[in-house]
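Here is how the chains run, residue by residue.
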Amino acid sequence: MKSVFKKKAYRFVSLFTALTLTLGLAACAGEETPSSSVSSKAESAASSSVASTVSQESEAVLKEGKYYSADATVESIIKDAADQGKVGNWGLGNEYEVQALLAKYDLPIQYLSQNFDMDGFDDDSILLASAMTYNELGLIKNDYDGGYSYGDSVKYIDMNDEGVAMLEDNIFTTRTFAEENPNTVKAFIAASMKGWKYAVENPEEAAEIVYQYGSSVSSEHQSYMASEVKKLVETDTNGKTVTDYGVIDEEAMFSTLELAQKYIQLSDSAAAEKLAAMTADDVYDKSYWEAAMLSEEALGTPEKKEVSIQIKWLPQAQFMGYYVALNKGYYSEVGLDVTIVPGGGDISETTAVYTGQVDFGVTWVSNLIAANAGGMNLLEIAQVYQRSGLVLAYKIGG
Amino acid sequence: MKNIREKLSKFDFSAILAPVLFGVFIMILWQTQLLHKLIGTDVFTLPLPGRIVRIILDNSPTILQNTGATLIAALGGLLFGSLLGYLLGVLAAIFPKWGSGGLTIVSAFNAVPIIAIAPILNNLTKSISDEPQIRSMVAKILVVTLTSMIPMSVNAYRGLTNVKPFSEDLMKSLAASNWEIFSKLRLPNSVEYIFTALRISVPGAVISALVSEYFAEFIIGVGRQIRENIVLAQYATAWSYITVACLVGIILYVLLLIAEHAVLKKRR
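These protein sequences, in sequence, are chains A and B. Every letter in the first sequence is one number past the one before it in the working numbering, and letter 364, counting from 1, is 364. Every letter in the second sequence is one number past the one before it in the working numbering, and letter 89, counting from 1, is 89.
The shape of chain B in the complex, shown without the other chains:
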């Protein structure tokens, strides 16, 4: 037991240390402008990390406000999308004949690019509120809802149906009702699959939120700021928002991994 633990921690060490060292190496290349020579660019198009960090610090209230808007869109959509997706998965599991076919159709939605959905939803939500701030947020949340619903529904369906055949037979032979089989066998079995879905939909939600901000009527959000600043040729500022967008994505993903570890560790 102890051996395994040691091995695990050793593995973690190299799994964390190697990428961190690589990151530091790239940062050194970047700050010393060796990276610019390697990829043939200049400090205007790819500003130095120092300048990017300084812009983030100088504008922290504005950046926080924009990040807040992006987080609401991403997390709101993720929440609604995951709940809705799970519900779809449950429905598909209850009616398996229609379910798997239905889910294939739902997955087809995945092929529609966000760039196409966002302006359409923008127009469809115009009558929702007189406040552009509210109707824009609704449109953005809807985009994220759509994109995070699909992985959740597919994975929930798998989690709910991929049960060990003998356990289902055992429960049936013990005269368990359908509800008991569902709540005591299928639901717990799907927990692992929920995390598989979230691993796809958390980064997806952040990206969908960023892109949908491009088309929103109310001008706010990290994605919109990236677009504005690139068009205005303010590359240093654009890079600082790109950095913030990356941080948001990474932090959310790490939080998810921690939650997954905590939940699934107990189950094993």
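Pulled out of the complex, with its shape left as it was, chain A reads as follows:
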């Protein structure tokens, strides 16, 4: 009897040792697989130790207190943050401008995954945090509900100033929809641009209108957002004033495509080839916008009257032009019945338009390029934001 028990106990012990060993071994083997990343880590550790000895001399200039000095150069800040591995971005197609900026200063193209709040910036796990001028930047600076109240102790690096700006919020549809419903497309552009014109001329009122349609943020933040979005709609990447709302700036479009081809990494070889061969004609068609701007009488009867637009995020002043056009009846004036479909999180506006769930969408040009490389046939018909709203924010003083 005893011996049986002993045997069982022995088996039990041996089973457990075997289990622990296999799991341990598997974990070790797993750890060894990304050997390249281990060696690169060692390298970067070595380089950062070198850099730290070098930067100690210039630290007086770079640092002031705990954070960066107010007059530290962009290059010194981004080098320091990249050396510490504390550059943040949301990823998911929002990262290309940051990657281009890192490449511009010969830094490793790596960033931390940033959440949709600014807590990482707040607790210093991210030193150089991605922020949209009209949204996150306002949250970290201002002290209204949801704000972090940093005020003037936050500065930022502007992608437009650094020459790595990519075009963001546009209006797009599928090539097929545009070819089959040219009048609908023209009417939609005309009414939307009328909405945008009114919104940038009356940002306070526009913010209130958006707030009525359901909002994820406070009314103070909506009105901050409206004032910042106005700047993006009315100024181009070179800082010049734009009066033709929604015009497709070909120069900015080319440089967006060029940056996209350089930094969008696609694992699918078919998609990668398509991306490399892509030209501006595969991305946009100006003719609809040009026709829409001629006169309201020349629009013709819309082929499809009930249309919907998928916005890239939750209802907020980022999309005020569409809400104003809806609220002021601009869409019904041109014979359209428009539904605005809110986005948010991982909702992919490119997929929603491609599958026909919605007719129009708002996306960043880089996302449209990636989607077309993947096999979609999307077409940009108007460019609402004329300059990049993405900045990298950092704290000064301390």
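Read the hints as simulated data drawn from the structure, not as lab findings. Hints may contain errors.
Listed next, the stretches of chain A that the computed footprint assigns to chain B, with coverage defined by at least 3 CB atoms under 8 Å from CB atoms of chain B [to be verified]:
#1 89-97
#2 253-263
#3 369-376
Here are the in silico distance ranges between beta carbons for each label pair [to be verified]:
#4 B/Y253 to A/S227: 51 to 57 Å
#5 A/D281 to B/V43: 20 to 26 Å
#6 A/I347 to B/A111: 51 to 57 Å
#7 B/D42 to A/E306: 20 to 26 Å
#8 A/N377 to B/Q31: 19 to 25 Å
Quick reminder that beta carbons are idealized off the backbone N, C-alpha and C, glycines included.
With chain A fixed as given, assemble chain B onto it according to the hints.
Same frame as chain A, but now just chain B:
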């Protein structure tokens, strides 16, 4: 004896052959695009198996690196979670009055979705290391630890307490100490239950690891790649990572079944 064996192997044959044939049938439908017509989709949203396999082969170093990270999170968490769960089971068996009630509370953790735990643990582990790669991995392992601890603790408790009453009485009448009863009766009795727990927690560990990668600061892992590629509308690449995720889950489960068979066969 021979008869039983033959019957067993026959059973295995149909148990394996039928699903394999069904799988092959689906693959043929899929590759010939009949499946697309049946469910009303196109080759863009549901790419052909050939393209998916090609992407896996083309990117094998990257995919291996991501799979490695997912495996560390899944297996690391599974190991810690199982040990911790077993320990909880032992404690509950030693103090049965508190034990069963305590385990009910532990089981309540099971109801908290991984999507809710992952970001919280991410924030809680921020001070652990300056290296985001390390603190992200710790956060992921903790998520998996939590999810695989629960089935193990409940099953270990059952295994340790569900002993045949006469054997316990017999040992007591033979003046066995509490430790002897525990080590020679209760522990061996729980082995079968450990495998029951692992059957739940192995697939659970893989899923928890995949989901926790969504929220990790350091961008790596099969789960994160699925998310990135779907948002970027790279469905073929996303599908190749989904395939890899399935393979990881299946292989781990098969390994577990083999281990269970080897261990429990000897015991019977």
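For A/N377 and B/Q31, compare the CB-CB distance with the range 19 to 25 Å and indicate the outcome. 24 Å, holds
Check, residue by residue, whether the stretch 369-376 of chain A contains three or more positions whose beta-carbon lies closer than 8 Å to a beta-carbon of chain B, and give the verdict. holds (count 5)
Against the range 51 to 57 Å, how does the distance between the Cβ atoms of B/Y253 and A/S227 compare: consistent or not? Between B/Y253 and A/S227, where Cβ atoms are some 56 Å apart, the hint holds.
Can you let me know if the beta-carbon spacing of B/D42 and A/E306 is within 20 to 26 Å? Once the Cβ atoms are compared, 24 Å apart, the range 20 to 26 Å for A/E306 and B/D42 holds.
Okay, the stretch 89-97 of chain A and chain B, do three or more residues pass the C-beta test at under 8 Å? Per the Cβ count (3), the hint holds.
Is 51 to 57 Å respected by the C-beta to C-beta distance linking A/I347 and B/A111? 27 Å, violated
Does the beta carbon distance between A/D281 and B/V43 stay inside 20 to 26 Å, or does it fall outside? Roughly 24 Å apart at Cβ, these two residues keep to the hinted range, so it holds.
Taking a Cβ-Cβ distance under 8 Å as contact, does the stretch 253-263 of chain A have three or more residues in contact with chain B? violated (count 0)
Violated hints, in rising order: 2, 6; the structure is consistent with all others.
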